[in-house]
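Whole structure, please, built from the sequences with the hints as guidance.
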Amino acid sequence: MAEKIVAALKKSPKLLKSARGKAKEGKDAFDTWMGNQNILVRAAYWAADGYVQSEVIDLLASMVS
35 MAEKIVAALK KSPKLLKSAR GKAKEGKDAF DTWMGNQNIL VRAAYWAADG YVQSEVIDLL
95 ASMVS
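Going by the numbering used here, 41 is the number at position 7 of the sequence shown; the sequence numbering is gapless.
These are calculated hints, taken from the structure and not from any lab test.
Mixed in with the good hints, there may be bad ones.
[Unchecked claim] Straight-line C-alpha distance at most 20 Å; calculated PhoX-like pairs for lysine-lysine:
1. 44 / 56
2. 48 / 58
3. 58 / 44
4. 61 / 38
5. 38 / 48
6. 45 / 56
7. 56 / 38
8. 38 / 51
9. 51 / 61
[What the hints assert, rightly or not] Estimated spans, in silico, between C-beta atoms of each pair:
10. 83 / 48: 26 to 32 Å
11. 61 / 37: 16 to 22 Å
12. 52 / 77: 17 to 23 Å
13. 47 / 83: 23 to 29 Å
14. 37 / 58: 15 to 21 Å
15. 46 / 66: 14 to 20 Å
16. 69 / 35: 16 to 22 Å
For clarity, every value in this text was computed on a predicted model and none was experimentally measured.
All residues carry an ideal CB built from backbone N, CA and C; glycine is no exception.
What follows is the structure, encoded as structure tokens:
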């Protein structure tokens with residue numbers, strides 16, 4: 035599930051870059067940022083459980099820019 039959310043973010047390079055930056059700042063920063071994103075991406079993220087949300091943040095934070 036986390037991979038699908040990251041794949042949705044990858045469809046927009048600008049969105050992915052911003053997501054990576056917020057993920058590196060931590061969960062609180064990422065959650066705040068996610069609250070202002072496209073309804074489809076945001077809905078997929080918020081529908082996931084806490085483990086999957088953490089996995090999304092970890093995947094994004096570990097990406098090399």
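(message) Name the hints, by number, that the structure is in violation of.
(response) none
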